[in-house]
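For chain B, the structure is supplied; the task is to place chain G on it using the hints.
Protein chains: 2
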Amino acid sequence: MLSKNKIKYINSLKIKKFRKKEKFFIVEGIKLINEILNSSFSIESLFSINFEKIDVKKIELYKLKKIQEKDLKKITSLKNHQKALAIVKMPEFNINENEIKNNLSLIIDNVQDAGNFGTIIRIADWFGIKNIICSENTVDLYNPKVVQATMGSITRVKIFYENLELFLKKNFFKDFNIYGTFLDGKNIYKEKLDKKGFIIIGNEGKGISKELYKFITKKISIPSFSDKKVESLNVSVATAIICSEFFRK
Amino acid sequence: MLSKNKIKYINSLKIKKFRKKEKFFIVEGIKLINEILNSSFSIESLFSINFEKIDVKKIELYKLKKIQEKDLKKITSLKNHQKALAIVKMPEFNINENEIKNNLSLIIDNVQDAGNFGTIIRIADWFGIKNIICSENTVDLYNPKVVQATMGSITRVKIFYENLELFLKKNFFKDFNIYGTFLDGKNIYKEKLDKKGFIIIGNEGKGISKELYKFITKKISIPSFSDKKVESLNVSVATAIICSEFFRK
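Just so you know, the sequences run in chain order B and G.
According to our numbering, the first sequence is numbered sequentially starting from 1.
According to our numbering, the second sequence is numbered sequentially starting from 250.
Here chain B stands alone, though its shape is the one from the complex (with noise of 0.2 Å):
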């Protein structure tokens, strides 16, 4: 049986500043469970009402917790529980400037959704992009549905939280290139992507903060094919598109 106390304790893991006082976040479902179990993440305590489908064997016995469906509901954070929840340690890494150096990463700025934000990790991740950068007050990582909607990609890459102006002052490297995207941008299936540098992907209805603007080398956009007028895309779709292209070559 859960105490009243830990009950409290894993409940308080669902809001940001607890969150970032404890640093531990919440882990829900038994295939992103077995992901961070097959990873560099460590796992505090993993509760389950049976460990059947659960890669046990790399996790000390004392950290499971055989709990009951009734108590599962109470810590769960979803609509319905996914059979098993695991309080999972907060990695640290620090930027690896070489490595921000020879590749293309992402920058985030002030994207609020939480899926949207889920969703562009695990297109980085397939993509093979190994550092997302993002502005401060972009939507948490470890929100519980930022977490479920990487479906384990955030295992896999790494992101870290900056002051965006600063960061970017500092890393500004000689030939390389900062993209954003903007309605007056260049075609992005004519220009030349280079795949060292960052994207800037701004936020879902105001786009890339005005700050920003002065570190961008090369303004990009993805032309609609429709004969009539389409508001927009999805921030997460837009990402999907440009990463393709820069890819596919």
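Just so you know, the hints here were simulated from the structure itself, not pulled from any lab data.
Keep in mind it's a predicted model, so treat the numbers as computed, not measured.
For each residue, glycine too, the CB sits at the ideal point set by N, CA and C.
One thing to keep in mind: the hints can contain errors.
One-sided excerpt, in silico: chain B residues whose CB lies under 7 Å from chain G [as the list claims (entries may be wrong)]:
| no. | residue |
| --- | --- |
| 1 | 119 |
| 2 | 226 |
| 3 | 241 |
Chain G in isolation, oriented as in the chain B frame:
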């Protein structure tokens, strides 16, 4: 003030069975309602606290129903109401065989998530795809979450529900490609892609139904660029990448 019966009627339209019978569906939010007002769709009633930002020149005055916020809360299908709610007549289209013969269309096979389906419709709209044929077990187009996720694209793309086996048997045109995505398909970035035919988009977990395999003339796949094992792409993200690749040329 809204009568109890009216509230009951509007809420019944959140359920597929009643929508099918009544042939009306719900649209919420000023932006989306303005898109409807500027389309061929017909609004039966428009409920709002005030009509300031609504394109009221496009609607007969007797259809405008000013209501109080507390009533809007009783009829919204969203967590937070979006200031306006419209009851809209379902449009009726016939399949234009010629249009299908000469263009690229999507076939949606059992996509279940409302957000995914809405996003796919938005992607189709962006790329100028005019027709989407869905299996009968695909999530309902008029599900409020689908309608919201289309961001207005629902007014510009024609969507049909069909028995896909029968439909494909009937519409198996000569020199017509039917593309399906498979793990062992040919690299989409290297294949010649014809802008005439169907692209079949499968279910989120199960992919394309076995019964449709026999119709597929070209198996394609999106290669991953990661050096690690990456599970998969979200179905709407995959659709975006595929459409981008078809239309970029």
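Comparing the hints with the structure gives:
no.	hint	result
1	119	6 Å, holds
2	226	4 Å, holds
3	241	5 Å, holds
Checked against the numbered hints above, the structure breaks none of them.
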